[in-house]
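Asks: Can you make the complete structure from the sequences, with help from the hints?
Here are the chains, one letter per residue:
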Amino acid sequence: MALEVTLQAAGPIPLDLAFRVEPGQLLALVGHSGAGKTTVLRTVAGLWRPENGRVAVAGSIWLDSASGVNLPPHRRRVGVVFQDFALFPHLTAAQNVASAMLHMPKAERRAEAERMLGLANLHGLADRLPAQLSGGQQQRVALARALARCPDVLLLDEPFSAVDRATRERLHAEIIGLRAHLAMPVILVTHDVNEAQLLADRLVVIEKGRMVAEGVTGRVMSDPVALRALGLREAGATIAARIVAHEADGLTRLETSAGPLLLPRLDGVPGTWVRVRIMAHEVILARQAPQGLSALNILPGTVIEVKPGDGPGAFVQLRLGRDTILARVTRRSAQALGLAPGVDCFAILKSMAVACDQVGAGTDPADPDP
Amino acid sequence: MDWTALGLSLQLAGWTVIALLPVAVFGGRFLAYRSFGAKGLIETLVMLPLVLPPTVLGYYLLVAFGRNSPLGAFWQEMFGQPLAFSFPGLVLASIIFNLPFAIQPAQRGFEAVPIAVREAAQCCGMSPLRSLWQVELPLAWPGLMTAMVLAFAHTLGEFGIVLMVGGSIPGRTRTIAIAIYDRVQAFDNSAAATMSAVLVAISLVTIAATYWLSARVGRRLG
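Protein chains in written order, with this note's numbering: chain R, 1 to 370; chain V, 1 to 222.
Among these hints, one or two may not hold up.
[What the hints assert, rightly or not] With the Cβ distance kept under 10 Å, some of the chain V side facing chain R (calculated, not the full set): (1) Pro-114; (2) Gln-134; (3) Leu-213; (4) Ser-214; (5) Val-217.
I should point out that these hints are in silico values taken from the structure, not numbers from a laboratory.
Backbone N, C-alpha and C fix where the C-beta goes; we use that ideal spot for every residue, glycine too.
Replies: If you want it as structure tokens, here you go:
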């Protein structure tokens with residue numbers, strides 16, 4: 001049931017890429033705006049036809065320019081959440097969802113649409129028109145409509161860009177919750193690296209229509225080539241952590257495989273697993289455990305690799321317990337500290353360096369099948 | 001008051017609207033969604049009846065409907081009667097001079113349907129015909145409604161072309177606009193005044209009804 005995509009085109013944006021998404025996997029296409037991400041998505045949906053391309057899903061071929069196959073969008077089983085949702089403005093929420101259920105008997109559509117709206121936390125809003133719903137609610141209707149077709153592939157085109165930050169964080173958590181029930185390949189197009197890193201299993205980094213990196217999220221996010229395309233300040237890694245307690249002074253105590261972590265107050269009851277995105281440029285390294293430092297988080301680790309950059313900086317990959325993080329230090333410091341594979345050191349992280357939108361819902365890493 | 005002329009005008013306007021509706025839907029949609037080389041030329045041709053003097057268009061139509069033209073000869077052959085100075089001839093002429101009134105607002109109506117919404121319809125599994133019926137027509141409806149009302153009202157009021165193509169045969173081609181002219185020529189001012197007032201009333205009611213309906217749709221879709 002995997003999705004395989006290859007495409008080449010000369011214009012309007014020169015494109016050259018190939019990737020594969022397994023069922024249940026979420027692949028994020030990241031890159032700056034104008035890099036061609038949306039065009040890739042439109043090719044999968046059948047809304048755009050590249051000069052050379054092949055799109056195959058679950059053994060059926062949607063596009064194969066070599067043999068002249070090009071199914072129109074309505075004959076491809078895709079679910080698409082558009083950037084501005086593109087709900088049908090004259091239809092109610094339930095009618096919007098039911099409009100994608102053409103494969104079902106007419107009599108059953110209404111009940112099924114209401115059930116799906118219920119799953120999307122939209123109880124009691126079935127008869128509202130899109131104009132009477134908030135941005136976050138419209139986004140949920142759009143997602144319910146995309147899933148109503150029982151799609152073979154789910155495509156999300158910048159689905160969180162049109163809602164405010166608080167709503168976006170809530171929707172992120174919902175997507176992560178929904179992931180367990182999604183059996184199809186999912187592609188998320190986003191320019192927000194934070195979002196991609198918190199949500200995606202795999203990343204494809206696109207720069208000017210070319211695929212510059214592809215692979216498991218953690219690996220791509222420590223790949224200097226990918227980071228040059230995304231911007232070095234986006235470099236970072238996620239670690240799994242579990243909320244232990246909310247303390248009286250406004251901090252939340254978490255537990256990681258390398259030790260305790262104190263962050264500004266997070267939502268979530270003790271015991272909740274989260275993913276914390278640690279930005280590489282916020283990490284300080286020390287060979288000895290420092291004393292009299294304002295930073296609250298000092299975690300012991302071991303250097304895995306040092307990757308000097310073209311400029312003054314270097315990326316240091318560290319093992320912290322079962323997690324891997326990335327630190328961006330100067331080459332001078334790396335040399336002065338004698339950082340090399342196998343060297344023990346401490347990673348120092350200011351609590352205040354982690355913003356609340358850098359923490360996403362997570363799962364217990366010890367549980368192989370959440 | 002010439003009730004026959006009024007009835008004839010309403011019939012002419014009715015047939016024109018019925019014939020123009022599919023032309024407006026498919027022509028307007030085509031011009032709204034496609035871009036091609038000759039689009040500008042087609043748009044210009046469609047708008048031409050708006051700027052031509054009615055006598056000029058009427059003259060050309062009269063020539064085209066005449067026994068010596070291929071169309072006139074074909075009609076004579078098929079139905080055994082001339083196309084010029086007949087009611088079917090009037091309907092055909094009316095369709096042509098109403099093209100700008102029907103196609104332009106319909107085109108604007110379809111252009112107002114966001115492209116993402118049309119693409120969403122396709123990605124929901126709707127075939128082009130289903131998308132037209134369930135998504136595009138309900139959204140382009142105000143434009144289509146305007147098109148039909150304008151064509152209806154304009155047909156009731158058209159004078160020059162109707163006179164050129166139809167003459168003024170009572171019960172066959174004498175519409176209310178021509179009957180009014182006819183009465184004025186005969187110094188029957190009271191009949192002319194009554195008929196004019198009736199025409200004003202009908203036009204007012206149709207246009208007010210469209211505005212009311214469009215406003216209702218506008219409020220609903222917010």
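Asks: Let me know if the C-beta of V/Val-217 comes in closer than 10 Å to any C-beta of chain R, holds or violated.
Replies: holds (8 Å)
Asks: Take the shortest C-beta to C-beta distance between V/Ser-214 and chain R; is it under 10 Å?
Replies: violated (14 Å)
Asks: For the hint on V/Leu-213, does the least C-beta distance to chain R fall short of 10 Å?
Replies: violated (14 Å)
Asks: Would the hint on V/Gln-134 be counted as holding, given a Cβ-Cβ threshold of 10 Å to chain R?
Replies: Hint on V/Gln-134: holds, closest Cβ of chain R at ~7 Å, below 10 Å.
Asks: Have a go at the V/Pro-114 hint: is there a Cβ in chain R nearer than 10 Å to its own Cβ?
Replies: holds (7 Å)
In terms of the numbered hints stated before, the structure departs from hints 3 and 4, listed from lowest to highest.
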